[in-house]
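Colleague: If you want the building blocks of each chain, they are given just below.
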Amino acid sequence: MTTSADQTDQLTERVRAAFESKSPLKLTGGGTKAFLGEQVKGDTLDVTGHTGVVNYEPGELVMTARAGTPLSELEAVLEAEGQMLAFEPPHYGDNATLGGTIVSGVSGPARPFTGAARDFVLGTRIINGQGQALRFGGEVMKNVAGYDLSRLMAGAYGTLGVLLDISLKVLPLPRTQITRVFEHGPSEALTQISDWQRKPWPITGAYWEDGKTYLRLAGATSPVESACEKLGGETLDDDKPFWRDVREQQRPFFSNADKPLWRLSLPPAAPMLDIDGDCVIDWGGAQRWLASDIDAVALRRIVKDEGGHASVYRGDASPRFHPIGESMLALQQRLKRSMDPAGILNPGRIYPEL
Amino acid sequence: MADAAIADAAEKVLASRPDKAQLIDKLVAELPEHVVLHAEEDLRPFECDGLSAYRQLPMIVILPETIDQVQTAMRVCHANDVAVVARGAGTGLSGGALPMDNGVLLSLAKFKQILDIDTENRRATVQPGVRNLAISEAVSHLGLYYAPDPSSQIACSIGGNVAENSGGVHCLKYGLTTHNIVQLEIVTVDGERMTIGSEALDTPGYDLLALMTGSEGLLGVIVEVVVKLLPKPERAQVVLAAFDDVRKAGDAVAAIIQAGIIPAGLEMLDSPAIIATEEFVHADYPTDAAAILLCEVDGTHAEVDEHIADVTAVVEREGATEVRVSRDDAERAVFWAGRKAAFPAMGRISPDYYCMDGTIPRKALADVLIGIGELSKKYGQRVANVFHAGDGNLHPLILYDANIEGELERTEEFGGAICELCLEHGGTITGEHGVGVEKIDQMCVQFPPDELTQFHAVKNAFDDKGLLNPGKAVPTLHRCAEFGAMHVHNGELPFPELERL
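In the order they appear, the protein sequences are chains A and B.
First residue of the first sequence? That's 3 in my numbering, and the numbers climb one at a time after it.
First residue of the second sequence? That's 103 in my numbering, and the numbers climb one at a time after it.
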């Protein structure tokens with residue numbers, strides 16, 4: 003059973019007042035993603051009271067829910083109907099909300115295979131920086147009427163609008179899931195994962211850590227079983243806790259807090275980077291976690307040369323997200339102003355200048 | 103910029119009268135003469151796109167051959183306050199590339215190179231004029247393909263696909279264009295080259311890749327696209343199920359999805375469409391059926407076997423009067439032949455047809471079909487329905503004769519009524535063809551003034567002079583007020599706050 007309360011009017015009124023007095027707002031949900039990005043100064047606008055499932059019809063593969071709804075509640079509602087959020091969102095704590103999940107744009111191990119948070123957004127209702135409640139997109143699978151401002155909200159950290167409701171495409175739970183384990187060095191793992199992905203196999207996870215590649219297959223029963231036969235490797239018994247720990251950064255690698263933790267987002271087949279530190283590989287190579295004392299500027303230069311970017315998850319590096327070029331920043335500043343002319347919505351959360 | 107000022111910029115561009123001879127001089131001063139076309143016979147091929155009911159000769163056509171030339175063309179037009187309409191292959195169905203008699207048409211037709219195929223990362227870097235199908239053909243020998251497959255895929259270009267966020271038959275499983283691209287190179291309105299997205303799976307800052315996709319040429323000119331490639335399925339197989347009642351067919355669509363199957367394609371044809379296509383291509387469709395479903399599943403051999411058995415059981419349970427399963431690829435092609443020939447088949451039974459594109463929740467399929475039938479009686483015009491049932495994306499084809507005085511106007515009104523019927527059922531006016539000029543008035547029904555104003559503000563962040571494809575995709579409030587004055591919906595006058603002129 004989920005709680006349900008519509009606070010559209012209160013939230014809209016708060017934003018409108020803040021717009022008129024030009025006083026910045028710091029948007030908060032469950033606080034589980036607060037460590038991402040920069041710190042924001044402003045009056046707290048808490049959206050956790052705006053909760054509930056607005057519409058869910060399993061036959062439509064669509065769920066619409068309010069931003070403050072706890073993510074775990076939504077996942078339970080979906081599971082009861084044999085469905086799921088296929089981007090496998092990390093919670094990073096007990097209080098994760100749907101809104102926080104979407105605005106931070108985080109996705110779990112399935113991301114390269116099923117899509118990111120933004121890929122499943124069909125529509126949103128938001129409050130823009132002038133305190134207007136606006137609706138974009140909808141509850142249908144295809145919609146090209148107007149600019150896609152709904153997907154734009156994913157990963158915008160609330161700097162373009164306060165999310166009210168989000169409509170998401172949901173998918174059936176796989177009937178069968180099997181994880182196979184292989185002994186590989188990191189470079190061998192990258193090559194192997196790239197080769198496997200050229201086969202029409204139902205791969206939904208590819209992770210490497212400490213000499214072992216973990217390959218998850220999920221979907222209809224027979225293709226999972228037949229792919230496993232061709233693959234070989236050892237079966238990982240009771241693999242669900244393993245993938246949950248990968249998703250939630252609960253593997254031992256992540257708890258060693260001696261060194262700063264970096265997220266490297268790279269083209270999946272980019273080679274292993276020659277950097278001092280420990281590394282694990284997720285997303286089939288496209289997301290790598292690095293625990294290292296390397297200088298931020300040096301690291302970002304290396305990663306950029308490979309077509310990627312680096313953000314800091316733990317440590318003091320500044321800025322937290324990989325800087326963007328001058329003209330791109332100017333364009334993004336204009337975009338920010340177009341939705342939040344007074345600059346009151348989470349100012350500086352992504353970059354100090356945005 | 104204040105809302106009124108943004109709207110003014112757009113209207114000023116639409117009403118502007120640039121000096122053609124002067125502009126030609128300025129363009130050829132910086133561009134090779136042969137890429138600047140201005141004689142009427144050279145302009146004629148560009149007067150319309152796939153929505154041929156709308157025609158307009160452009161003032162000038164620029165056919166650049168390099169990105170440098172695109173930048174130069176944009177810089178000159180920007181400096182001279184001249185509007186620019188970008189065009190790919192010209193197959194769009196909403197008039198998104200309709201030229202302006204006071205603007206430049208920028209054709210990307212010369213950009214036909216596949217620049218790179220990266221098997222390790224399963225991507226291809228292509229120029230915007232590359233045809234959709236040409237990508238899959240170029241990577242087929244590697245066991246890969248590009249998934250989005252609009253029905254015009256043999257002719258439509260990837261740049262246009264990005265501008266329209268094109269879909270196709272396989273969207274439900276494989277997504278739209280927006281889900282299948284990773285990076286764009288664009289040229290901004292003032293001629294700057296920018297990279298949108300990245301070679302990684304995400305990019306720092308805002309997701310401009312999502313915003314650019316489907317922006318109908320109003321935010322920038324696409325000059326390069328990096329697309330994702332997928333492994334080709336081992337096998338695909340189709341179930342053809344006939345129903346004696348449209349409602350049963352609609353329910354079967356929902357039942358297939360609810361059974362936990364995501365088909366690669368799930369298409370529906372109603373009786374007029376079945377009869378017309380059968381006469382045309384002889385796909386051996388059951389012509390006495392009220393509706394047929396074509397449900398394709400793909401994947402590994404084992405996966406296809408499992409899902410074909412499931413789909414067959416579901417459609418039988420839902421009351422199908424006949425169920426056939428394709429035995430091989432040749433028979434699969436025959437099953438699809440009718441669906442793929444649906445549009446040309448209409449051309450045989452009617453001088454003209456008008457294709458709509460509303461999308462609705464699947465559960466409303468039967469009600470909307472019945473509603474379209476009632477509208478058909480009211481307007482006295484025949485309609486055949488073919489659609490992407492799995493996505494709820496309808497393509498009602500209204501049959502008409504443009505040579506009969508007033509019939510096109512009546513057809514457009516009928517089309518508008520279908521759009522509004524879709525909106526009443528919680529849908530949208532366009533699923534994959536775009537707004538263009540065709541559905542611009544219906545945008546006033548789908549979106550209230552605050553949303554439209556927000557769209558204009560976003561446009562302004564990219565193009566403060568309003569020079570990129572003006573008059574398309576997002577109507578000015580002024581236009582909506584005029585449309586609303588003619589069109590009172592449910593007894594409510596939209597935009598009551600605006601003065602009617």
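Any given hint might turn out to be false.
With the C-beta cut set under 7 Å, the calculated list includes, among others, these residues of chain B facing chain A [what the hints assert, rightly or not]:
#1 N267
#2 E301
#3 Y308
#4 A415
Pair ranges (Cβ atoms, derived) [to be verified]:
#5 I277/A with R419/B: 17 to 27 Å
#6 S154/B with G187/A: 54 to 64 Å
#7 R419/B with T46/A: 19 to 29 Å
#8 A181/B with D45/A: 38 to 48 Å
#9 M274/A with T297/B: 22 to 32 Å
#10 T223/A with D386/B: 43 to 53 Å
#11 G475/B with E308/A: 52 to 62 Å
#12 N182/B with M274/A: 33 to 43 Å
#13 L217/B with S189/A: 39 to 49 Å
#14 S154/B with T237/A: 58 to 68 Å
#15 K114/B with Q335/A: 51 to 61 Å
#16 E167/B with D45/A: 47 to 57 Å
#17 E250/A with N182/B: 53 to 63 Å
#18 E328/A with H403/B: 51 to 61 Å
These aren't lab readings, by the way, just hints derived from the structure by calculation.
Model, not experiment: these values are computed from the prediction.
Beta carbons are placed, not taken as given, at the ideal position from N, Cα and C, and that holds for glycine.
Colleague: Check the structure against each numbered hint from earlier and tell me which ones fail, lowest number first.
Modeller: Hints 4, 5, 7, 10, 12, 13, 15 are the ones this structure does not satisfy, whereas the remaining hints hold.
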